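Add chain B to chain A, keeping to what the hints say.
For the record, the sequence lines run as chains A and B.
Residue 845 is where the first sequence starts when you use the numbering used here, and the numbers rise one by one after that.
Residue 174 is where the second sequence starts when you use the numbering used here, and the numbers rise one by one after that.
Derived from the structure by calculation, the hints contain no laboratory data.
Bear in mind the structure is a predicted one, so any value in this text is a computation, not a measurement.
Glycine included, each C-beta is placed from N, C-alpha and C at the ideal position.
All clues stand as given, with none of them false.
The calculated label-pair distances, taken between Cβ atoms and stated as ranges, are:
(1) B:Gly466 - A:Thr862: 45 to 55 Å
(2) B:Glu198 - A:Val952: 49 to 59 Å
(3) B:Ser307 - A:Pro863: 15 to 25 Å
(4) B:Leu187 - A:Val1005: 25 to 35 Å
(5) B:Thr305 - A:Glu1083: 32 to 42 Å
Each chain is listed here by its residues.
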Amino acid sequence: MSGILAIFRRELAGYFVTPVAYVFLVIFVALIGALTFYVGGFYEQRQADLGSFFGLHPWLYAFFIPALAMRLWAEERDTGTIELLLTLPISTTQAVIGKFLAAWAFTVVALALTAPMWWTVNYLGNPDNGVIAAAYIGSALMAGGFLAIGSFVSALTRSQVIAFIVGFLICFVLLMAGYPLVLDVFTGWAPRVVVEGVEAMSFLTRFESISRGVIDLRDLIYFSGMMAFFLFANVSIIEMKKAE
Amino acid sequence: MLVTEALTKRFATLTAVQDLTLRVEPGEVLGFLGPNGAGKSTTMKMITGFLAPTSGTANVCGHDVIREPAAARRKLGYLPEGAPAWGEMVPAAFLRFMADIRGVKGAERARRIDAVVDQLQLASVLQQPIATLSKGFKRRVGLAQALLHDPPVLIMDEPTDGLDPNQKHHVRSLIREIAAEKTIVISTHILEEVESVCTRAVIISGGHLLADDTPAGLLTRSRYRDAVQVTLREPDTSAREALAALPGVRDVEIAADGQTLTVLGEDGLATATRVRELCSERGWRVEALRAEGGRLDDVFRDITRSEAA
Chain A
845 MSGILAIFRR
855 ELAGYFVTPV
865 AYVFLVIFVA
875 LIGALTFYVG
885 GFYEQRQADL
895 GSFFGLHPWL
905 YAFFIPALAM
915 RLWAEERDTG
925 TIELLLTLPI
935 STTQAVIGKF
945 LAAWAFTVVA
955 LALTAPMWWT
965 VNYLGNPDNG
975 VIAAAYIGSA
985 LMAGGFLAIG
995 SFVSALTRSQ
1005 VIAFIVGFLI
1015 CFVLLMAGYP
1025 LVLDVFTGWA
1035 PRVVVEGVEA
1045 MSFLTRFESI
1055 SRGVIDLRDL
1065 IYFSGMMAFF
1075 LFANVSIIEM
1085 KKAE
Chain B
174 MLVTEALTKR
184 FATLTAVQDL
194 TLRVEPGEVL
204 GFLGPNGAGK
214 STTMKMITGF
224 LAPTSGTANV
234 CGHDVIREPA
244 AARRKLGYLP
254 EGAPAWGEMV
264 PAAFLRFMAD
274 IRGVKGAERA
284 RRIDAVVDQL
294 QLASVLQQPI
304 ATLSKGFKRR
314 VGLAQALLHD
324 PPVLIMDEPT
334 DGLDPNQKHH
344 VRSLIREIAA
354 EKTIVISTHI
364 LEEVESVCTR
374 AVIISGGHLL
384 ADDTPAGLLT
394 RSRYRDAVQV
404 TLREPDTSAR
414 EALAALPGVR
424 DVEIAADGQT
434 LTVLGEDGLA
444 TATRVRELCS
454 ERGWRVEALR
464 AEGGRLDDVF
474 RDITRSEAA
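Excised from the complex, chain A in its bound form (with noise of 0.2 Å):
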């Protein structure tokens, strides 16, 4: 337990010491605002809610998230600090763990940043602030969701560049699961089976229910079980490929 706080200690420290961080915190507050306004329609809806505010987080995080992860271990590697950090008294999984939590309370602070939103439809109106909170909690849920994707592209590869595209390609079409875009590849071949099971792993929708104020369990077990299936990926990628 040690050992991982002091690599989160570490890796959010680190975030901060380079201007990165700031660059990344101000474009993604800075978009998400703007975008909210004039992309998402707030106030043409004329409704004191965050729907059109919510509504775009899926598709900035599959941007922005991937763009985080992606230096998490490919960096390491090409720099060979990894052979430092793999060969303190601690384990690979805690090394993992503790750099994919230290990235997911950067984003967390991300999206504390945008609380003046929460406060703008406060002053307008009387929104319900349960629906709010439950779609943040969504909302860092499904961070952290791709955030263990990220991070596992990451140690695929020693390039940033690659673990950024590879990584937001997954990203995206995970969004799309449950769309045409990306279930007409499966119908018409695909047994009945493999469509709903892939139309099941859509971010896309498992988030609209969350951000309406449905905090399922069935939610809550699809995001949890996707960062611990792909964190899990990492830890086995990280032991397979050390020599190279």
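Same frame as chain A, now just chain B:
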């Protein structure tokens, strides 16, 4: 104490290390020598638990590196090849992190950090990002990290690479200072380093152990062990033949300048006397005459080349 037993690492098409059995006791400084790609770094990576051996075992202070990785690693200080460190961190934060993760806490942490900062003269760069440091400082930050928790076993992959001659000298003195109660393994390309810090030298090539001896023991294998080198003021075409005819002389080598001759004899002192006598007899004016104690690079080449052939 460090023990390896038939340690072997095979990659897809290549056997990097083959049946390496070693035992290094406290107080020993083992120099690990070998050409590039000989398996030195791979061996170190297995001892430190970074790579799992294909077969065989490595054991640090009684802890198997695969079955008890945490216990074994706590006893180890490791400087990986190229002294990697997180470039965005400053040495002060880097050393604090290394202390935390190794369980060095509180007053002990501050004391140990001060000690290694002092030992490696890092005080002036403590607040500069590691990425901006010179190669010499980076290497010393890496060494500081390895020494931080005062480990009984130290594994260092090319500890003086990238250091200037003064820094090299400093690091070698440091290694000698701490060597008394520690088990130290260093890999190096620099043969003079072996003579100056190691109590024992191991030569590996192609993953095989080829020699395991003290540096002095290795030197006795040199064909130059009892050689005498004489430099004449003027070249003399008959010199080589005349020297070769002296009793006990095996061979005479002549340098490109035609004036420096190396006489390989059976007994250094006797050969030197005979060479001097011959010179005065023939009226050659001698610029320099010195006995050679053997050349480690020559032994190294002999041992590693005969293996490759």
